[in-house]
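**Q** Protein chains in written order, with the working numbering: chain G, 1 to 501; chain F, 1 to 255.
To be clear, the hints were calculated from the coordinates, so they are not data collected in a lab. Incorrect hints may have been included.
[As the list claims (entries may be wrong)] In the DSS-like style, the derived pairs of lysine-lysine whose C-alpha atoms are separated by at most 30 Å in a straight line are:
(1) F:Lys-98 to F:Lys-110
(2) G:Lys-163 to F:Lys-36
(3) F:Lys-98 to G:Lys-389
(4) G:Lys-235 to F:Lys-36
(5) G:Lys-248 to F:Lys-36
(6) F:Lys-98 to F:Lys-86
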Amino acid sequence: MSSQSTNPTGQDALLRAGIDRSLRHPVMFFLTSAAAWLAVSLILGIISSAKVHSPGFMDGCSWFTYGRTQAAHVNALVYGWGFQAAFGVIIWLLSRLSRQECRAAGLILTAGHVWNFAISVGVLGILAGYGTGMPWMEFPAFTWPILLLTYFAIVVWSFVQFKVRPVGHVYISQWYLMAAMTWFPWIFITANVLLHVMPGNPVMAAGINAWYKSSLIFLFFTPIALGTAFYLTPKVSGRPIHSYSLAKLGFWSLAIIMPWAGMQKLAGAPIPYFIPYVGAASTILFFIPAFTAAINILRTALSDPDLVNHSPTLRFTMAGIVGLIVMAVAAVFLNLPGSTLTWTQFSLSGYGFEILALYAFFSFVMFGAIYFIVPRVTRREWLSRRLIKMHFFFSVYGISMIAVAAIFGGIQQGIGQEAFDQPWQESAAQRAVNYGWLITISWAFILFSNIFFFLHLTVMWLRLGRRSTHPTLLVADHGHSPHGEEGDIDNCGPGTASAAH
Amino acid sequence: MSSPSQNPKPDLDETINVTQAHGRVERETAAAAREKRIADNGHEQVSLWVIAACGIVLLIAGGVLGNAGTLFSYNSTFKEGYVRDKPPGVADEGPKPKTALAAYSTKGAKIYSKCSGCHGADGKGDGVNFPSLAGSKWVVGDTQKLAMIVLNGVQGPISTGKTYGAGIMPAQGAGMSPEDLATLMTYLRNSFGNEVGDVVSAEMAQAAMDVSAAREKVGQAVTSEEIVANHMTMLPGETIAPDTLVNPITLAPAE
């Protein structure tokens, strides 16, 4: 690691350390509260999944009925965990890529608190029975302007930083992140205005809702995670992105194809006949932006498999990219109108696909980013390599089980629902029971690992991490670190006379 | 990395220890300094198999779009005269059979909705203009006189000898089928507290229509004199046992 060509100059490192320091509190606030919301969401997910196989579970309390916990679970996952992890990553990455210190940390932090408050009110509102009943938009209607304003207060500084960046090359990550930040208000305002402010035909409202959900996945979470992975992979591995032209193909196909997706959820509804087909076709075509980006990133990282194995960041990111490939294949498989689409419209499969997108892909990349960013903004290294490993394995096994159970269980359930000559209880409900058990157990695994992840993160924010100049790698032996002799980052680091060499 | 301690030049400002000052900087930047540079983008060719995989997916998506038909083809969603297929392997058993009394009364109740404007939904009339059907001797007694009144209407005093305000009941026979008449009569004789318990068959109703057509004053409402003189009798024809199971739609006996 001492080759001169890859070493930054001291001036450069100072600038980057300055950027990291300026962002410590907003970034740590978003990441920590994201992890806390993830745990809340998982608890609600376990309760709602338990209702699938054991309907009598907690049935005395209306706050924990299936309709409410399922909605609260998904909304806490999307707006509590997903968005806040994205905020933390966006503001840090774009500051770094634009080489600008953050000058609005206080404002972002305040907006972050308001966002959290709105989410809390929204989740409690759903549990109390004031949900709107629109998938992914179940928060009571008054929260959406608050969320929108807060969103602008959080990300507008990154636009400013992009505007005043040193002129030159715009890196792939910046394409994706800037695009996602621009697309989200468009999606959010369109859906909320058309559903809450100027409600029209209810059939079309269901279509707009389905489009919102799919656009949030494909036009917000996907580009955020891809942009992050395109940054982390070359950063940790020190290798250039495999192919620039492939990256361009991936970005523009995402931008052009994905706004059309979503309406296939209304196949068979009285809307113009071509709309569900266009939706199904473009969701199938998600394979192209996803697969090209995944291959590009995997090719970059896997030229050094040992590095992927040792670096927590790369390991999580690559798991996320594998999740992306699975999700892209599922997008093809679940949207064939002649057969699978009818089975997946109203069954567990839709949920399985959303979990693939939100967790197996997006969340894993976010975990990777968190393992990269947090030591930089806190100047402490991760406390325990075992906790990281545990987080990784419990998450990977848990999410694989959920994806398999939800998608294939959902198809079984869909086939059962289509068998209209059989009683629903026996054909559809009974088929889903065992898959329901599998999902509950898997969420419990994931919850277990994430509670420790949250504690680990909180300890880091309290600056109780390792005071080392060495990163925490997933190897037993730190003796042969490529970073030279280990030093204490605060007292007798490598810069002191005794440690310098 | 050029370590500050290797800097051979002495610092001119004696109050600052250069080594320590640079050491602080290095500690500050420890994490950032070990980061690798993001190198320029690679320019590898796109592999053939990636293009092939994307091409296959393009074909699948094209096939999906090709199935979309014309843009606003509602006929594909809502087929004209659509009847749901019979479930495979399940014989069409039709609707559940009901007893004849229940089935005839249910149908008759629908036809009675024409009559309820005057006689009321409860069949009690209003006591001033329209007579009550509940407990009326002309309703519950012999069937022929009831049939004549329904088919031709009635004028003048009724069974109790009282003349009601409306004076004349218009004929209801136009367009009535024997089934309609049979079910209506069955309903009247078994509702509003009337409990005759018999079922008027379509055969009997047909006979009533024949009798009605053979009257001396065809087309005029019957009077109480005519009823007493000609129609105080049961209609000819087979009755149906009230607990026979019939198809509630066709009224045919269930197999």
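**Q** If a hint holds in the structure, say so; if it does not, say that too.
**A** Comparing the hints with the structure gives:
no.: 1; hint: F:Lys-98 to F:Lys-110; verdict: holds (17 Å)
no.: 2; hint: G:Lys-163 to F:Lys-36; verdict: holds (25 Å)
no.: 3; hint: F:Lys-98 to G:Lys-389; verdict: violated (70 Å)
no.: 4; hint: G:Lys-235 to F:Lys-36; verdict: holds (6 Å)
no.: 5; hint: G:Lys-248 to F:Lys-36; verdict: holds (23 Å)
no.: 6; hint: F:Lys-98 to F:Lys-86; verdict: holds (23 Å)
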